[in-house]
Amino acid sequence: SEPKMPMKNGVSPGNGTLKEVVAFLLDHEGWAGVPRTDLVTATVTAEQMRRAKKNAAMNAPEAEAEALASAEDGFGDAGEEEDTAQEAQGSLQAYVPSLGTADDYGPSLFARDAVHKIGVLDIRLANLDRHLANILVLPNNDNNPTPTSSPPENLLQSSATPSRRQWSSASSLEHHRRRCASTAKQQHLLQLCPIDHAYVLPRFRDLSDVNFEWLFWRQARAPFSAEARRYIETLDPFGDAGIIKSLGLPDSCAVTCVLTTTLLKEGARKGLTLRDMGAMMQREPFCGPDASALERLIGECCNALSQRESKSARGEQKSRVSGGDTNELGFVMEDDGACRPNSALLRFLELFKAKLKAKLSSSSSSGHKLS
Numbered sequence: 013s014e015p016k017m018p019m020k021n022g023v024s025p026g027n028g029t030l031k032e033v034v035a036f037l038l039d040h041e042g043w044a045g046v047p048r049t050d051l052v053t054a055t056v057t058a059e060q061m062r063r064a065k066k067n068a069a070m071n072a073p074e075a076e077a078e079a080l081a082s083a084e085d086g087f088g089d090a091g092e093e094e095d096t097a098q099e100a101q102g103s104l105q106a107y108v109p110s111l112g113t114a115d116d117y118g119p120s121l122f123a124r125d126a127v128h129k130i131g132v133l134d135i136r137l138a139n140l141d142r143h144l145a146n147i148l149v150l151p152n153n154d155n156n157p158t159p160t161s162s163p164p165e166n167l168l169q170s171s172a173t174p175s176r177r178q179w180s181s182a183s184s185l186e187h188h189r190r191r192c193a194s195t196a197k198q199q200h201l202l203q204l205c206p207i208d209h210a211y212v213l214p215r216f217r218d219l220s221d222v223n224f225e226w227l228f229w230r231q232a233r234a235p236f237s238a239e240a241r242r243y244i245e246t247l248d249p250f251g252d253a254g255i256i257k258s259l260g261l262p263d264s265c266a267v268t269c270v271l272t273t274t275l276l277k278e279g280a281r282k283g284l285t286l287r288d289m290g291a292m293m294q295r296e297p298f299c300g301p302d303a304s305a306l307e308r309l310i311g312e313c314c315n316a317l318s319q320r321e322s323k324s325a326r327g328e329q330k331s332r333v334s335g336g337d338t339n340e341l342g343f344v345m346e347d348d349g350a351c352r353p354n355s356a357l358l359r360f361l362e363l364f365k366a367k368l369k370a371k372l373s374s375s376s377s378s379g380h381k382l383s
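Position in the sequence shown counted from 1, then plus 12, gives you this note's numbering.
Everything labelled a hint here was simulated from the structure, so no lab data went into it.
Heads up, the beta-carbon is just placed ideally off N, CA and C, and yes, glycines get one too.
Warning: the hint list may mix true and false statements.
[Claimed, not checked] What follows is a list of derived Cβ distance ranges for each label pair:
hint	residue 1	residue 2	range
1	Thr96	Glu346	21 to 31 Å
2	Pro235	Lys66	21 to 31 Å
3	Arg242	Gly102	47 to 57 Å
4	Lys369	Glu59	54 to 64 Å
5	Ala303	Arg281	34 to 44 Å
6	Glu59	Ala238	36 to 46 Å
7	Glu99	Asn21	43 to 53 Å
8	Phe298	Glu346	18 to 28 Å
9	Lys369	Arg242	48 to 58 Å
10	Ser237	Ser120	48 to 58 Å
11	Lys66	Lys369	49 to 59 Å
12	Arg241	Glu59	51 to 61 Å
13	Glu99	Pro262	43 to 53 Å
[Said to hold, decoys possible] Straight-line alpha carbon distances no greater than 30 Å define the calculated BS3-like cross-link-like pairs of lysine-lysine that follow:
hint	residue 1	residue 2
14	Lys282	Lys365
15	Lys282	Lys65
16	Lys66	Lys367
17	Lys20	Lys365
18	Lys369	Lys282
19	Lys282	Lys367
20	Lys257	Lys365
21	Lys65	Lys20
22	Lys277	Lys369
23	Lys367	Lys277
24	Lys369	Lys257
25	Lys365	Lys277
26	Lys257	Lys277
27	Lys371	Lys66
28	Lys277	Lys371
29	Lys282	Lys371
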């Protein structure tokens with residue numbers, strides 16, 4: 013359930029559930045470790061919603077309580093019985109045993125590749141809400157490095173539920189943290205698991221709230237590994253756009269993914285770091301009045317395309333691509349299931365790639381960041 017008014021710029025209420033699922037589906041090969049996430053339906057009565065609202069008002073933050081309050085709307089219309097049941101759709105995510113969240117640890121304890129994997133995912137999704145509390149910290153396990161691996165056996169004990177584990181005591185957890193902090197060899201062994209992706213894939217003309225917690229971590233300044241470069245090179249932005257559209261999300265969200273993936277691929281080829289590319293997308297200061305480099309680049313392309321099409325039309329009606337109206341940019345689903353950009357988007361992408369490459373080359377030769 014989500015509030016009626018968006019809490020972030022560029023997102024529409026009601027799409028959070030689908031975006032949780034699409035983040036899992038776009039994490040190809042499980043590379044970043046997004047836990048399995050599925051769409052589910054549940055039968056809910058108006059009375060149950062009222063109870064949930066009451067509990068949220070007492071226990072949950074104001075935003076969560078507001079979300080539950082808005083979810084009550086539509087249940088039990090006038091004239092219907094009080095206990096009328098309706099189906100509600102939501103997302104269900106696999107439980108991942110963890111040592112806690114990233115705000116319990118210093119970023120110097122995180123593996124470089126683990127930070128890079130989350131950063132690559134966040135760039136592709138234009139994440140508006142990557143913060144310390146939605147990054148789970150996992151122990152390193154060379155034999156089973158997947159995000160579902162359990163913490164070291166000697167520090168844990170089984171609970172009544174065999175599928176879950178917990179710290180045997182607060183002292184054992186503290187012992188683990190001290191051991192990580194005091195042993196240089198283990199300082200970079202902690203792995204990470206990204207969760208909470210309701211605020212991803214904003215409309216491509218509304219990227220003002222992009223937020224990357226990792227942007228100023230030193231791992232973000234390190235070059236990508238050969239594995240990371242391979243993974244980035246294999247990404248198919250139009251294949252991803254097809255996945256996004258198949259879930260019913262609007263074309264403007266899929267365009268965002270195509271643009272950010274193009275930035276990621278071109279930047280990696282030029283040797284840019286995660287920090288370099290993240291700084292192109294996040295405003296400085298965060299959520300400040302000045303547009304980011306990517307926002308400006310998109311705006312330039314929209315204006316250039318508008319001018320080009322206006323000239324070719326020789327005085328006919330001005331193209332709808334100008335300004336903030338970009339409804340013509342979209343995709344066509346072929347009979348074979350392939351997702352292709354329509355003619356307007358194809359022209360836009362040609363401009364975008366040309367301008368992006370020019371700016372990246374200029375930045376590389378001058379040693380300055382993209383502006």
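How the hints compare with the structure:
Checking the proposed 21 to 31 Å range against Thr96 and Glu346 shows it is violated: the Cβ atoms sit about 43 Å from each other. The hint said 21 to 31 Å for the Cβ distance between Pro235 and Lys66, and at roughly 52 Å that hint is violated. Range check, Arg242 to Gly102: Cβ separation about 35 Å, and the 47 to 57 Å hint is violated. In this structure the supplied range 54 to 64 Å holds for Lys369 paired with Glu59, their Cβ-Cβ distance being about 59 Å.
With their beta carbons about 25 Å apart, Ala303 and Arg281 fall outside the hinted range of 34 to 44 Å. The beta-carbon spacing between Glu59 and Ala238, approximately 57 Å, falls outside the hinted interval of 36 to 46 Å. Between Glu99 and Asn21 the C-beta distance comes to about 31 Å, which lies outside the given range of 43 to 53 Å. Here the CB-CB span from Phe298 to Glu346 is close to 40 Å, at odds with the stated 18 to 28 Å.
Against the hinted window of 48 to 58 Å, the Cβ-Cβ separation of Lys369 and Arg242 comes to about 21 Å, which falls outside the hint. Ser237 and Ser120 have their C-beta atoms about 19 Å apart, which leaves the hinted 48 to 58 Å range violated. The supplied range of 49 to 59 Å is met by Lys66 and Lys369, whose beta-carbon atoms lie about 56 Å from each other. For the hinted restraint 51 to 61 Å between Arg241 and Glu59, the CB-CB distance of approximately 55 Å keeps it satisfied.
Glu99 and Pro262 have their C-beta atoms about 23 Å apart, which leaves the hinted 43 to 53 Å range violated. Under the criterion of a C-alpha separation no larger than 30 Å, the hint pairing Lys282 with Lys365 is consistent with the structure, at around 14 Å. Our distance criterion of 30 Å between C-alpha atoms is broken by Lys282 and Lys65, whose separation comes to about 51 Å. Between Lys66 and Lys367 the CA atoms are separated by roughly 53 Å; this puts the pair beyond 30 Å, and the hint is violated.
With a CA separation close to 28 Å, the supplied pair Lys20 and Lys365 stays within the 30 Å bound. Of the supplied pair hints, the one linking Lys369 and Lys282 holds, its CA atoms being roughly 9 Å apart against a limit of 30 Å. A C-alpha spacing of about 14 Å is found between Lys282 and Lys367, which places the hinted pair at or below 30 Å, so the restraint holds. Among the hinted pairs, Lys257 with Lys365 is consistent with the structure: their alpha-carbon atoms are about 22 Å apart, no more than 30 Å.
Using a Cα cut-off of 30 Å, the hinted pair Lys65 and Lys20 holds, with the two alpha carbons roughly 22 Å apart. Pair hint Lys277 plus Lys369 holds up; C-alpha atoms about 11 Å apart against a cutoff of 30 Å. A distance of roughly 15 Å separates the Cα atoms of Lys367 and Lys277; the hinted pair therefore holds under the 30 Å criterion. Restraint check for Lys369 and Lys257: the C-alpha separation of about 27 Å stays at or below 30 Å, so the hint holds.
Distance hint between Lys365 and Lys277 is fulfilled; the C-alpha atoms sit about 11 Å from each other, no more than 30 Å. Between Lys257 and Lys277 the alpha-carbon distance is near 22 Å, which keeps this suggested pair within the 30 Å criterion. For the proposed pair Lys371 and Lys66, the alpha carbon gap of about 53 Å is over 30 Å, so the pair is violated. The straight-line distance between the Cα atoms of Lys277 and Lys371 is roughly 14 Å, inside the 30 Å bound, and the hint therefore holds.
Proximity of Lys282 to Lys371 is assessed by CA-CA distance (about 11 Å); at most 30 Å being required, the pair is judged to hold.
Going down the numbered hints, you'll see the structure goes against 1, 2, 3, 5, 6, 7, 8, 9, 10, 13, 15, 16 and 27, while the others check out.
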